[in-house]
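Asker: Based on the provided sequences and hints, a complete structural model is requested.
Just so you know, the protein sequences line up as chains U and X, in that order. Per the UniProt record's numbering: the first sequence ends with 214, consecutive numbering throughout. Per the UniProt record's numbering: the second sequence ends with 214, consecutive numbering throughout.
Among the hints, erroneous ones may be present.
Which copy? The list can't say, so a pair holds if one copy fits it or any two copies do.
Claimed, not checked - Calculated lysine-lysine pairs in the DSS-like style (CA-CA distance at most 30 angstroms, straight line): (1) Lys165 - Lys111; (2) Lys165 - Lys86; (3) Lys212 - Lys143; (4) Lys13 - Lys28; (5) Lys111 - Lys156; (6) Lys210 - Lys86; (7) Lys156 - Lys121.
Worth flagging that the hints you see were computed from the coordinates, not collected in a lab.
Protein chains: 2
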Amino acid sequence: MKDNSKISSAVIKRLPRYRRYLYDLQKKNVDRISSNELSNLIGYTASQIRQDLNNFGGFGQQGYGYNIQSLYNEISAILGLDQEYKMVIVGTGNLGQAIANYTHYYKSGFKVAAMFDVNPKLIGLRINDIEVLDYEMLDEFMKNNTIDIGIICTNKDSAQEVVDKLCAGGVKGIWNFAPTDLNLSDDIALENVHLSDSLHSLAYYINRNKQKDS
Amino acid sequence: MKDNSKISSAVIKRLPRYRRYLYDLQKKNVDRISSNELSNLIGYTASQIRQDLNNFGGFGQQGYGYNIQSLYNEISAILGLDQEYKMVIVGTGNLGQAIANYTHYYKSGFKVAAMFDVNPKLIGLRINDIEVLDYEMLDEFMKNNTIDIGIICTNKDSAQEVVDKLCAGGVKGIWNFAPTDLNLSDDIALENVHLSDSLHSLAYYINRNKQKDS
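Answerer: So, in structure tokens, the structure goes:
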């Protein structure tokens, strides 16, 4: 396997975005695109785009540009989207259910294997054809199944305990929606989606714009 | 009003996080904290913390540290969280409903005034005591109400049209959950929560860790 570990995290953050645009271009049956045309679409400069894509050998050809299909496939492979991931969701309130239903993900090889909750009203429900299991069964479930990703949709006070169980159960990554920061070992990947932080940033920029106007 | 427009966006991104920790400390009845103690909690270096907080006059006192209550209030005010925001949600599938129910926000002065959808099965439903209205009524609703924030929970193909309507209707900020990039005027604030980008980054880091191990 190619060594992509030297690609900077700033580039990695941009790759899913490139991939989204390349996906749309494919859908429109476009075969190839120049870095200038990509720049007009995505908003990064053409030189930034060339630099980003050169990182992993996505070389455009002079006078031809990038082959969209192969660039899309390459970026997908770098992101690991040519593989399948088994996931569990812990916390099946509205947000957990929304994540479970976000079928977009399933198309990309992310499969929810089970969902867990402590609430007797939720246990036994079927969401997107996946049964909500009793949180008490999490340890045993993790023993009997190979799960790649644990998704945390609990409140912030339960999040660390859940993460500890998931890590003991062998997950390789945590996708955290609880509004708290988690402690976990360096060899387990972590992505936080802190909704309240995002909303608070939005409030800041709204007020900064108001100050400019006044 | 104090001019905070010179604070860098990197600092702004960290403020909601400081605020979360200060909130927890308040709840534990802690009165004051040194930059070193804050550093141990949050994980930023003490000198980074002093630099960040000096940006807006949050000076700690030698031998005393920061007063938690006043620092919390100051950061809240900078973020504009001492004000109330009226919001509409467009798209009331699972994600839209999850956002509507995320009551955490209401406590901070973010109020959902109305929700909209095109789906006859959803129109008329009450979620968190807010009725889902017909999307056809959005223009008129925006004419008759002052709305600060529009929340986009539609699919990506509808997102830009919805944003255009909301901007014409006078919103000051857009909180976008649709997996697409939006065009809007510079004086309207925009925060994207691209869930699929976040999940794809997670997949990348999982695979990078695997490569390290092998």
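Asker: All hints are to be evaluated individually against the structure, with a verdict given for each.
Answerer: Now the hints, each set against the structure:
| no. | hint | result |
| --- | --- | --- |
| 1 | Lys165 - Lys111 | within (20 angstroms within a copy, 36 angstroms between copies) |
| 2 | Lys165 - Lys86 | within (16 angstroms within a copy, 39 angstroms between copies) |
| 3 | Lys212 - Lys143 | between (57 angstroms within a copy, 25 angstroms between copies) |
| 4 | Lys13 - Lys28 | within (25 angstroms within a copy, 36 angstroms between copies) |
| 5 | Lys111 - Lys156 | both (25 angstroms within a copy, 22 angstroms between copies) |
| 6 | Lys210 - Lys86 | between (46 angstroms within a copy, 16 angstroms between copies) |
| 7 | Lys156 - Lys121 | within (21 angstroms within a copy, 33 angstroms between copies) |
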